[in-house]
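*Asks:* The residues making up each chain are set out below.
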Amino acid sequence: MEKINAELFTLTYGSTVRQLLIDNEENVDAVNVQLDKMGYNIGIRLVDEFLAKSSGARCRDFKEAAEMIAKHGLKMFLGVTASVSNWNADNTECSLIMDDNPMVDFVELPEQYSNLSYCNMLCGVFRGALEMVNMRVECWYVRDLLRGDDVFEMRLKLLEVTAESYNDED
Amino acid sequence: MIVCAAVVGPSYNPLHLQTFALDDDPLKYHYIVHCALDVIDERLSPPSPRSRGAGGNDPCLGYLYSTEDFKVYGYVSNTHVKFLLVLDDPETKDVRELFHRFHSAYIDAVSNPFQLPGHSITSRSFEARLRALASS
Amino acid sequence: MAPRREVAESCLEFLYIELVQSYERKDAECAEKGDGRASRAALESIGFQVGQQLAERYTIDRARFADHLEVIKFICKEFWSEIFRKQVDHLKTNRHRALFVLQDDRFRWLRHLSLPAEQTSNTEAVAKYLVFPCGLIKGALSSFGVNCEVTAEISEDARKPTQCSFEVRIK
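Chains as they are written, first to last, in this note's numbering: chain A, 6 to 175; chain B, 18 to 153; chain C, 2 to 172.
Isolated chain A, as found in the complex:
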């Protein structure tokens, strides 16, 4: 995996968020939705690269998928890891906890954007990527470093496991 200095990516992401706020006339909720949507589109493309570079790692269930994202996916792309915790009883919901994320280097959220989920794109990425391995999920932040919490906590909820569709034409 080729690496670059994080700042070029970090600044581009920040400038994107700022531009989306302008495009949406400062409507923070609309920007949260837009970030998630963009992330989803990225997720469905990125999963191929992830599977190709992680030497055929497969995850059989949601639990393994969550671990895979936390330990390998985040590491491979953003150079950080998360811990997986707070599972519900039937293993369909968990939290990814991150104490660091290069996306928020330099960022200080102004008060008027206190409802902005600055890293919401990441939720979309998880949603898109997991959908490509037949898991439909919901993802949202419950704790956010930029909004005064001491860590990022993302909640990941499995909605359904879709049937595997084999496309062997190519």
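Simulated from the structure, these hints should not be mistaken for lab results. Nothing here was measured: the structure is a model prediction, and the numbers come from that model. Among these hints, one or two may not hold up.
With beta-carbon atoms standing in for the labels, derived distance ranges [unchecked claim]: (1) S83(B) to R63(C): 24 to 34 Å; (2) S90(A) to K93(C): 56 to 66 Å; (3) R141(B) to R148(A): 18 to 28 Å; (4) V138(A) to A64(C): 49 to 59 Å; (5) T167(A) to R112(C): 32 to 42 Å; (6) W92(A) to R141(B): 52 to 62 Å; (7) G146(C) to R118(B): 22 to 32 Å; (8) S137(B) to D34(A): 22 to 32 Å; (9) T167(A) to K93(C): 47 to 57 Å; (10) S121(B) to K8(A): 20 to 30 Å; (11) E113(A) to K93(C): 18 to 28 Å; (12) T84(B) to A99(C): 41 to 51 Å; (13) D111(B) to I27(A): 38 to 48 Å.
All C-beta atoms, glycine included, are put in the ideal place defined by N, C-alpha and C.
Let chain A serve as the given structure and place chains B and C on it in line with the hints.
*Replies:* Chains B and C alone, transformed into the frame defined by chain A:
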């Protein structure tokens, strides 16, 4: 020690002024900053094209001038941002390292996507880094 | 100083491709069928801000530039290497130094685009991906006090799909 740090934009727009001595009135430094900018202007003009040597294009201008109580130092970045430090030490000091840290803090502050270019800097971490600089 | 943090280069690629495509979709959805000017302006503006920020970051402790030519040379070498991971291959200057053409024979940000086979439509499809880098360059130059317009063209030579030239016109 450093008693005041100021950042002035390319078109002489004030971006930041912070004082470090207790009960200090920032107003009294405005005049000092103003005079320092005049000295900087003088140093930089005429824009001697290709006049290398003698540190002609060194961003660190160093010592600029003194008042009764203070010595004022300056640094100009490639983006024409002026950095000023006011010190109360009677002897002239090597301030290169101080300005490097000052400029680094500024670079991170303007990397905040919500910091609008040309607007005064409102960043808690920038202020904290300058406080650390002043007490170092 | 803290060690510089790294991320996968593909993070940037995915983000940048999605940015271009999301503005493309927005244009398509637009009821009045705008000419895409607003989207181009938005993409350029995203690049512009990043270019300004990087200009400050990449020149810390560097001797101040003596003139425009020195700034342009910095863009061709250090700036290009940091962002596009190689230097500009050819720099052309006109006599009055109001126009600079920076040619990159293998522009890195085009290498992963999968494009339709039709050569004619390619040029237009690729052009959209050059708006953001144009903004980056313009933002950096403006920070150094060089007011200019930056436009880009791709090579018409089908054998050189990632060759492109950036034209810097000083105002």
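*Asks:* Please name the hints from earlier in the document that this structure breaks, with their numbers sorted from lowest to highest.
*Replies:* 6 and 11
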